[in-house]
Amino acid sequence: MKAVIMAAGKGVRCYPLTVTKPKPLLKIINKTILEHNLEQLNGLVDEAIIIVGYKKEMIMSKIKKKYNNIRITYVEQKEQLGTGHALMQAEKFVNGKFILMNGDDLFSGNDIKNCLRHKYCVLAKGVDDPERFGIVYLKNGFVKEIVEKSENPKSNLANTGFYVFDRKIFDILKKTRKTKRGEYEITDALKELAKKEKIHCEKVRDYWIPITYPWNYLEANVFMVEKMKKMQIHGKIEPNVTIKGNVFVGKGTLIKSGTYIEGPVYIGNDCEIGPNAFIRKDTVIMDMVRTRAEIVDSVLMEGVAAKHNCYIGHSVIGENVNIGAGTISADYRHDAKNNITIVNGKKVDSKRRKLGAFIGDNVNTGIGTLIYPGRKIWPGLGTLPGEVVTKDII
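Going by our numbering, the residue at position 168 of the sequence shown is 168; the numbering climbs one at a time, nothing skipped.
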């Protein structure tokens, strides 16, 4: 059995986090999205064909030619012309039944096994915001078609981007036409396949976490940290430290006196936390972070420094960012409405009452910086002392 993993896109809706790296290489706690999915496939497939494009060298360098027991083959999609076009790049590497899946969402091995019971299958999940997704429509219990994003969908059954096919799909793809966006879509080919074959629909029983926007990346980390079942302390804890709930502390990490940690919280290796830090629930702190801040429901990537009376809430902070003294990420609107943020020049409702800042790699904030909810700072940029960030810094 082989799996084709689509990992060529730029992930522009997840900027600024994906300006410097492909979305499949964003880490969820301590593993990249791509590594997580390969682990879920381990024992189910013997080869993964990864379709690469944007910053392909980074993916190839990270995953190499083998992951656990899975051989890795790389195929380049030089132009991003849709999911159907991406799959066509793998045609000569596939024989018989195979898996096709998005490389930048999180899937569960249990759900994958359920799909593999069928010759043809689509994995779907009922969602509260179906306008965000392609929607699966059934007829007599089998997939009839998948309709891409529409304003008023007649179903809430979202397409997860996980399929089980065989080589018949390639013959159909060769006859499909470009969409109005100039792309070849796998969903168009699937609709034609459904006229000839019974395509089963398995519903997500374990988990599927789509990572479209920066706050979805935050939510994916929160989901995984909440799955931790026990406290694990591998670092050093000084006297007068309070730790409650399920907390993971990595090797070489020092938790200094006066620090209060309220789990679930993940803290990686070689970090320095405190003195007098306040680490609140649903926080993920990756390796080599130094902080004495108050942090809640946030991700701090590798090498972040956030000291001296900072507050970081409901935010994602990129690699090697220096958060200046007194920096505060505001996260709640006075009118208590959902936070709106700009994505590709358009206003997007985050569906979140609490939403902080999204800061790219290698940013420096000046002392006393105040950041409005949902604002973004692009990699390598920064703020002046006392600056109030009311708009994205690009």
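Please note: incorrect hints may appear among the correct ones.
Claimed, not checked - Below, a list of computed lysine-lysine pairs in the DSSO-like style, where the Cα atoms sit at most 27 Å apart:
id, residue 1, residue 2
1, K203, K125
2, K125, K227
3, K64, K354
4, K139, K154
5, K139, K55
6, K119, K78
7, K97, K203
8, K65, K113
9, K10, K78
10, K66, K31
11, K97, K180
12, K92, K149
13, K251, K227
14, K229, K196
15, K125, K65
16, K346, K55
17, K251, K307
18, K113, K196
19, K168, K144
20, K180, K191
21, K78, K65
22, K149, K31
23, K154, K281
24, K31, K65
25, K196, K139
26, K203, K236
27, K307, K351
Hints in this document: simulated from the structure, not taken from any laboratory.
As the structure is a prediction and not an experimental result, all values here were calculated from the model.
Against the structure, the hints:
Between K203 and K125 the CA atoms are separated by roughly 5 Å; this keeps the pair inside 27 Å, and the hint holds. Only pairs whose Cα atoms come within 27 Å are accepted, and K125 paired with K227 is accepted, the gap being roughly 20 Å. Of the pairs offered as hints, the one joining K64 and K354 is violated, with about 39 Å between alpha carbons and a cut-off of 27 Å exceeded. Between K139 and K154 the alpha-carbon distance is near 14 Å, which keeps this suggested pair within the 27 Å criterion.
At most 27 Å may separate the alpha-carbon atoms for a hinted pair to count; K139 and K55 exceed this at roughly 41 Å. Note on K119 and K78: the hinted pairing is violated, with a Cα-Cα distance of about 30 Å set against a maximum of 27 Å. Distance restraint check for K97 and K203: the Cα-Cα separation of roughly 20 Å lies within the 27 Å cut-off, and the hinted pair is therefore satisfied. For the hint pairing K65 with K113, the CA-to-CA distance comes to about 24 Å; that is within 27 Å, so the pair holds.
Taking the CA atoms of K10 and K78, the gap is about 12 Å. The hint holds against a cut of 27 Å. Taking the CA atoms of K66 and K31, the gap is near 16 Å; set against the 27 Å cutoff, the hint holds. Pair hint K97 plus K180 does not hold up; C-alpha atoms about 30 Å apart against a cutoff of 27 Å. For the given pair, K92 sits about 31 Å from K149 by alpha-carbon distance, which is inconsistent with the 27 Å threshold.
Pair hint K251 plus K227 holds up; C-alpha atoms about 20 Å apart against a cutoff of 27 Å. Note on K229 and K196: the hinted pairing is violated, with a Cα-Cα distance of about 46 Å set against a maximum of 27 Å. Proximity of K125 to K65 is assessed by CA-CA distance (about 32 Å); at most 27 Å being required, the pair is judged violated. A threshold of 27 Å between alpha carbons decides the hint, and for K346 with K55 the separation of about 25 Å falls inside it, so the pair holds.
Between K251 and K307 the CA atoms are separated by roughly 21 Å; this keeps the pair inside 27 Å, and the hint holds. In summary, the hint linking K113 to K196 is supported, as the alpha carbons are separated by about 24 Å, within the 27 Å threshold. Among the hinted pairs, K168 with K144 is consistent with the structure: their alpha-carbon atoms are about 17 Å apart, no more than 27 Å. A threshold of 27 Å between alpha carbons decides the hint, and for K180 with K191 the separation of about 17 Å falls inside it, so the pair holds.
Between K78 and K65 the alpha-carbon distance is near 20 Å, which keeps this suggested pair within the 27 Å criterion. A hinted pair counts as satisfied when its Cα atoms are at most 27 Å apart, and K149 with K31 does not qualify at roughly 30 Å. Our distance criterion of 27 Å between C-alpha atoms is broken by K154 and K281, whose separation comes to about 37 Å. A distance of roughly 17 Å separates the Cα atoms of K31 and K65; the hinted pair therefore holds under the 27 Å criterion.
Proposed proximity of K196 and K139 is supported: the alpha carbons are some 13 Å apart, at most 27 Å. Only pairs whose Cα atoms come within 27 Å are accepted, and K203 paired with K236 is rejected, the gap being roughly 44 Å. Restraint check for K307 and K351: not satisfied, since their Cα atoms lie roughly 30 Å apart, outside the 27 Å limit.
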